[in-house]
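Using the sequences plus the hints, can you model the full thing?
Chains as they are written, first to last, in numbering that gives the first Met the number 0: chain H, 0 to 255; chain U, 0 to 255; chain E, 0 to 255; chain P, 0 to 255.
Note that these hints are calculated values from the structure, not bench results.
Positions of the beta carbon are idealized from the N, C-alpha and C atoms, including for glycine.
The reader is advised that the hints may include incorrect statements.
Stated by the list, open to error - Here are the simulated distance ranges between beta carbons: (1) U:K44 x H:G231: 52 to 60 Å; (2) H:G231 x E:T4: 55 to 63 Å; (3) U:E7 x P:F173: 53 to 61 Å; (4) U:G157 x H:R6: 51 to 59 Å; (5) E:K61 x U:G157: 56 to 64 Å; (6) H:G231 x P:K186: 55 to 63 Å; (7) U:R224 x H:Y14: 31 to 39 Å; (8) E:K61 x P:D128: 43 to 51 Å; (9) H:R125 x P:R6: 13 to 21 Å.
Unchecked claim - Partner residues aside, some chain H positions facing chain E, computed with beta carbon under 8 Å: (10) R1; (11) H52; (12) L67; (13) F173.
Protein chains: 4
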Amino acid sequence: MRRTTIREFAKASLYNPVLIEGLPGLGMVGKIAVNYMIKQLQARKFAELYSPHFPYHVVVNKRGGIRLLRAEIYYWKSQGRGCDLILITGDSQAQTIDGQYEVASSILDFAEKYEVKRIITIGGYRSEDETPGVFCASNSEDFFKDALRAGAKPTPPGSPIVGLAGLLPGLTAFRGMEGLCILGKTKGYLPDPEAAKSVLEVIVRLLGIPLELKGLDKEIEKAKRLEGNLRGIEATRALRSTKIRKEEERRTSYIS
Amino acid sequence: MRRTTIREFAKASLYNPVLIEGLPGLGMVGKIAVNYMIKQLQARKFAELYSPHFPYHVVVNKRGGIRLLRAEIYYWKSQGRGCDLILITGDSQAQTIDGQYEVASSILDFAEKYEVKRIITIGGYRSEDETPGVFCASNSEDFFKDALRAGAKPTPPGSPIVGLAGLLPGLTAFRGMEGLCILGKTKGYLPDPEAAKSVLEVIVRLLGIPLELKGLDKEIEKAKRLEGNLRGIEATRALRSTKIRKEEERRTSYIS
Amino acid sequence: MRRTTIREFAKASLYNPVLIEGLPGLGMVGKIAVNYMIKQLQARKFAELYSPHFPYHVVVNKRGGIRLLRAEIYYWKSQGRGCDLILITGDSQAQTIDGQYEVASSILDFAEKYEVKRIITIGGYRSEDETPGVFCASNSEDFFKDALRAGAKPTPPGSPIVGLAGLLPGLTAFRGMEGLCILGKTKGYLPDPEAAKSVLEVIVRLLGIPLELKGLDKEIEKAKRLEGNLRGIEATRALRSTKIRKEEERRTSYIS
Amino acid sequence: MRRTTIREFAKASLYNPVLIEGLPGLGMVGKIAVNYMIKQLQARKFAELYSPHFPYHVVVNKRGGIRLLRAEIYYWKSQGRGCDLILITGDSQAQTIDGQYEVASSILDFAEKYEVKRIITIGGYRSEDETPGVFCASNSEDFFKDALRAGAKPTPPGSPIVGLAGLLPGLTAFRGMEGLCILGKTKGYLPDPEAAKSVLEVIVRLLGIPLELKGLDKEIEKAKRLEGNLRGIEATRALRSTKIRKEEERRTSYIS
Numbered sequence: 000m001r002r003t004t005i006r007e008f009a010k011a012s013l014y015n016p017v018l019i020e021g022l023p024g025l026g027m028v029g030k031i032a033v034n035y036m037i038k039q040l041q042a043r044k045f046a047e048l049y050s051p052h053f054p055y056h057v058v059v060n061k062r063g064g065i066r067l068l069r070a071e072i073y074y075w076k077s078q079g080r081g082c083d084l085i086l087i088t089g090d091s092q093a094q095t096i097d098g099q100y101e102v103a104s105s106i107l108d109f110a111e112k113y114e115v116k117r118i119i120t121i122g123g124y125r126s127e128d129e130t131p132g133v134f135c136a137s138n139s140e141d142f143f144k145d146a147l148r149a150g151a152k153p154t155p156p157g158s159p160i161v162g163l164a165g166l167l168p169g170l171t172a173f174r175g176m177e178g179l180c181i182l183g184k185t186k187g188y189l190p191d192p193e194a195a196k197s198v199l200e201v202i203v204r205l206l207g208i209p210l211e212l213k214g215l216d217k218e219i220e221k222a223k224r225l226e227g228n229l230r231g232i233e234a235t236r237a238l239r240s241t242k243i244r245k246e247e248e249r250r251t252s253y254i255s
Numbered sequence: 000m001r002r003t004t005i006r007e008f009a010k011a012s013l014y015n016p017v018l019i020e021g022l023p024g025l026g027m028v029g030k031i032a033v034n035y036m037i038k039q040l041q042a043r044k045f046a047e048l049y050s051p052h053f054p055y056h057v058v059v060n061k062r063g064g065i066r067l068l069r070a071e072i073y074y075w076k077s078q079g080r081g082c083d084l085i086l087i088t089g090d091s092q093a094q095t096i097d098g099q100y101e102v103a104s105s106i107l108d109f110a111e112k113y114e115v116k117r118i119i120t121i122g123g124y125r126s127e128d129e130t131p132g133v134f135c136a137s138n139s140e141d142f143f144k145d146a147l148r149a150g151a152k153p154t155p156p157g158s159p160i161v162g163l164a165g166l167l168p169g170l171t172a173f174r175g176m177e178g179l180c181i182l183g184k185t186k187g188y189l190p191d192p193e194a195a196k197s198v199l200e201v202i203v204r205l206l207g208i209p210l211e212l213k214g215l216d217k218e219i220e221k222a223k224r225l226e227g228n229l230r231g232i233e234a235t236r237a238l239r240s241t242k243i244r245k246e247e248e249r250r251t252s253y254i255s
Numbered sequence: 000m001r002r003t004t005i006r007e008f009a010k011a012s013l014y015n016p017v018l019i020e021g022l023p024g025l026g027m028v029g030k031i032a033v034n035y036m037i038k039q040l041q042a043r044k045f046a047e048l049y050s051p052h053f054p055y056h057v058v059v060n061k062r063g064g065i066r067l068l069r070a071e072i073y074y075w076k077s078q079g080r081g082c083d084l085i086l087i088t089g090d091s092q093a094q095t096i097d098g099q100y101e102v103a104s105s106i107l108d109f110a111e112k113y114e115v116k117r118i119i120t121i122g123g124y125r126s127e128d129e130t131p132g133v134f135c136a137s138n139s140e141d142f143f144k145d146a147l148r149a150g151a152k153p154t155p156p157g158s159p160i161v162g163l164a165g166l167l168p169g170l171t172a173f174r175g176m177e178g179l180c181i182l183g184k185t186k187g188y189l190p191d192p193e194a195a196k197s198v199l200e201v202i203v204r205l206l207g208i209p210l211e212l213k214g215l216d217k218e219i220e221k222a223k224r225l226e227g228n229l230r231g232i233e234a235t236r237a238l239r240s241t242k243i244r245k246e247e248e249r250r251t252s253y254i255s
Numbered sequence: 000m001r002r003t004t005i006r007e008f009a010k011a012s013l014y015n016p017v018l019i020e021g022l023p024g025l026g027m028v029g030k031i032a033v034n035y036m037i038k039q040l041q042a043r044k045f046a047e048l049y050s051p052h053f054p055y056h057v058v059v060n061k062r063g064g065i066r067l068l069r070a071e072i073y074y075w076k077s078q079g080r081g082c083d084l085i086l087i088t089g090d091s092q093a094q095t096i097d098g099q100y101e102v103a104s105s106i107l108d109f110a111e112k113y114e115v116k117r118i119i120t121i122g123g124y125r126s127e128d129e130t131p132g133v134f135c136a137s138n139s140e141d142f143f144k145d146a147l148r149a150g151a152k153p154t155p156p157g158s159p160i161v162g163l164a165g166l167l168p169g170l171t172a173f174r175g176m177e178g179l180c181i182l183g184k185t186k187g188y189l190p191d192p193e194a195a196k197s198v199l200e201v202i203v204r205l206l207g208i209p210l211e212l213k214g215l216d217k218e219i220e221k222a223k224r225l226e227g228n229l230r231g232i233e234a235t236r237a238l239r240s241t242k243i244r245k246e247e248e249r250r251t252s253y254i255s
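Okay, structure coming up:
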């Protein structure tokens with residue numbers, strides 16, 4: 000494999016599908032959200048994307064199986080409930096600049112074949128402030144207004160949107176498609192299912208799809224416990240280092 | 000998008016146009032100068048350049064709009080006042096070595112289509128000395144002499160001219176064109192509209208175009224205030240750290 | 000040479016050969032194992048692989064001869080004892096991500112020409128624990144079971160297998176081949192012939208080839224002596240730095 | 000320019016020419032030697048090599064002229080005194096791994112056109128020991144023996160020869176040519192015309208060309224003075240830092 004390749008192992012007949020992408024990134028917001036959609040909607044995998052710009056290792060699964068890093072492409076037929084979907088998630092982003100552009104272009108080639116008109120990418124928006132929030136940005140005024148109506152706020156100007164979450168909608172401009180980024184506020188250093196849920200609430204309203212979000216609550220609780228524990232550890236550590244500093248000050252104060 | 004691409008959305012009929020490039024670089028001299036020309040001359044955009052060697056993110060503008068990083072290409076018809084112009088500015092330089100050469104080559108392909116004979120690039124020349132000054136360098140003796148007559152001085156030998164500002168005129172040699180770098184003296188760490196103005200004074204004389212430069216004076220004042228403030232902050236910081244050092248010396252002098 | 004190239008200087012007529020790869024990596028397990036097979040089985044070289052992604056230097060041999068870095072490809076005809084083999088070892092792995100994929104793809108092109116159905120890669124599995132052990136991972140359930148029967152254990156899930164040892168079996172999925180990694184437990188920082196021997200014991204049982212392994216015992220002894228010496232040096236150093244620390248503590252305790 | 004390109008501006012009719020390359024590297028040995036040959040033999044430039052893998056800047060010369068980084072290709076017709084020569088020197092080596100292979104391959108394409116059979120590259124061999132010495136390494140036993148007879152010694156085994164000096168003779172193996180590296184012993188951190196002279200003494204004997212070497216003696220003297228001065232500066236600095244250390248020891252000895 001010398002270039003990015005999409006391997007299709009089934010043909011889907013989709014009507015006016017919306018493509019939604021969520022790869023690893025800030026707070027894993029995109030990956031958690033799209034994975035949840037795939038599971039909850041019982042979407043079906045019909046293609047995989049491989050790239051010589053992904054990291055050069057294989058992963059080992061539970062039963063000693065190995066596989067290359069990849070992105071996975073699923074579809075879901077709405078049968079009248081909202082719209083048909085193509086869902087993309089995966090293991091990794093491309094590791095080089097032109098690799099990022101190549102992967103994005105391959106996904107758009109695939110989208111064109113399925114006559115996709117609208118593409119949504121999901122990502123995280125780094126913020127230390129605790130209140131949840133969902134931001135949107137688009138190259139299409141119509142799509143942008145739809146997202147605002149669905150509850151998202153405009154992304155603050157000046158923020159770069161990095162990786163596939165930005166490039167994919169950025170490149171739609173050359174394909175006659177509309178692109179939309181939906182970003183969940185997150186501190187970003189831990190997987191953040193709460194931010195993913197906020198994003199999905201917007202998407203449910205935006206697309207009218209029958210997606211139940213309660214299933215994420217357990218993961219959210221778990222993430223909060225984890226964060227709490229880490230905070231506890233950090234607090235203890237901070238306390239201890241304050242003590243050490245004070246002790247040192249006490250000792251060194253004998254010198255001067 | 001897998002290679003550097005220029006997207007034209009209008010056709011211009013230009014007579015013997017001179018191409019002027021100013022992308023981000025030292026002191027933003029080139030970008031400020033070309034942006035000012037575009038605004039002041041009311042030049043019209045007719046093409047955009049995209050490259051998989053630009054950084055892999057999109058920028059978000061004031062109303063939640065997104066776009067890829069790009070260079071923008073404008074034209075201006077002189078109608079007898081000087082000569083027709085093609086003006087190029089943009090967000091970023093290519094991020095890899097061969098990307099730099101690829102972007103430069105794409106611009107020259109475009110220039111050839113419009114039968115450009117002369118190319119000017121604008122950049123900064125780093126110097127701590129405060130007196131303004133404009134340097135020029137060229138692969139054509141004629142073009143060089145024209146620049147000297149217009150008030151520029153020869154660039155001191157040995158200085159490398161980095162990025163598009165250097166590659167573009169360097170590569171003209173293979174296209175039967177003449178290339179000229181015009182470099183404004185700048186400290187380089189802050190946007191420097193004063194250096195941009197000095198460069199434009201030379202260009203106005205060189206090309207005989209009707210460009211009013213007063214409009215830059217406000218920006219120059221603003222930049223000076225900003226620099227003054229920063230200097231104030233730095234001075235305070237320096238003062239404070241001198242105090243701390245003295246205090247430390249006083250304390251440690253008890254030891255030895 | 001602008002792309003990875005395999006130069007064949009002899010034609011081999013092989014029956015259903017298994018390809019075994021061992022390039023430099025963790026503990027040099029793969030390279031030691033395949034080199035030993037080549038020598039012991041008196042395999043014959045019939046091709047060499049060169050790549051512009053290998054480091055850009057030549058090596059100088061004992062008599063002032065020079066050569067590019069390369070991988071070497073040997074064959075061995077079983078004549079009824081086990082199965083025919085293609086053996087690959089070499090100087091270096093590719094130095095870039097897409098170079099790794101390119102080299103792997105070139106090897107698979109070559110394997111296809113010889114109608115290879117099964118590919119084994121040998122590597123190290125980093126572990127501080129001293130007991131020997133051999134792990135396997137595969138994209139084929141059949142091949143995996145064969146390896147388990149031959150004495151390997153399943154690779155712990157989650158471990159990435161880096162470089163050609165991982166990519167090569169990972170990419171077999173697209174060629175209708177079966178791929179297997181066999182990894183010898185090793186601390187990894189020194190060449191580890193003992194780990195190589197453990198791996199070869201599994202391979203002998205797996206393929207039924209007549210490979211005598213006693214020849215490795217001398218190298219194993221030598222490696223153990225070397226490790227013992229290094230440990231001695233380290234212990235001395237550790238002892239000395241403990242002394243210094245104590246001395247320092249004694250001195251500084253006068254201060255506070 | 001999107002790939003390495005050789006621009007020829009004259010045709011030379013050469014008889015069985017030997018190609019000699021000396022680009023910047025350790026102690027500038029190769030560049031100094033080939034530059035000296037060009038000047039002394041009054042060789043004529045007939046081609047230039049440009050590459051998108053050279054650094055992306057232009058250099059400015061004494062009269063404000065600019066040019067891209069490049070390699071220059073000269074020829075010299077022996078007219079019975081030794082053999083015809085193609086001489087290559089330049090500003091820089093390629094900055095990427097595959098760029099190094101691409102530049103080397105372009106030079107070999109050019110060499111093939113002129114039916115070159117033997118290629119010599121000149122470089123430095125790093126050594127702290129002061130006695131001069133010249134090492135050789137080759138992929139051809141004949142060529143190697145010729146170099147030994149001309150006074151070179153075999154390069155110590157295991158040394159990598161980095162960059163074009165190694166790749167070019169390494170790659171001759173695929174072109175039916177013979178390649179030879181000639182390396183002058185040098186400390187390597189300063190331009191070393193003495194090492195270049197030692198190398199040229201070997202080359203004069205090897206090829207029987209009428210090259211007077213006295214012209215290098217002035218440069219050698221200059222280099223020795225420069226080294227002497229630097230050593231003086233370093234000695235002073237070392238002395239001073241010894242004083243400071245002693246002073247510090249004296250002071251701190253009051254503490255414990």
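Check your understanding: Going back to the hint list, which numbers does this structure go against?
Key -> Numbers 3, 5, 7, 8, 9 and 13, in rising order.
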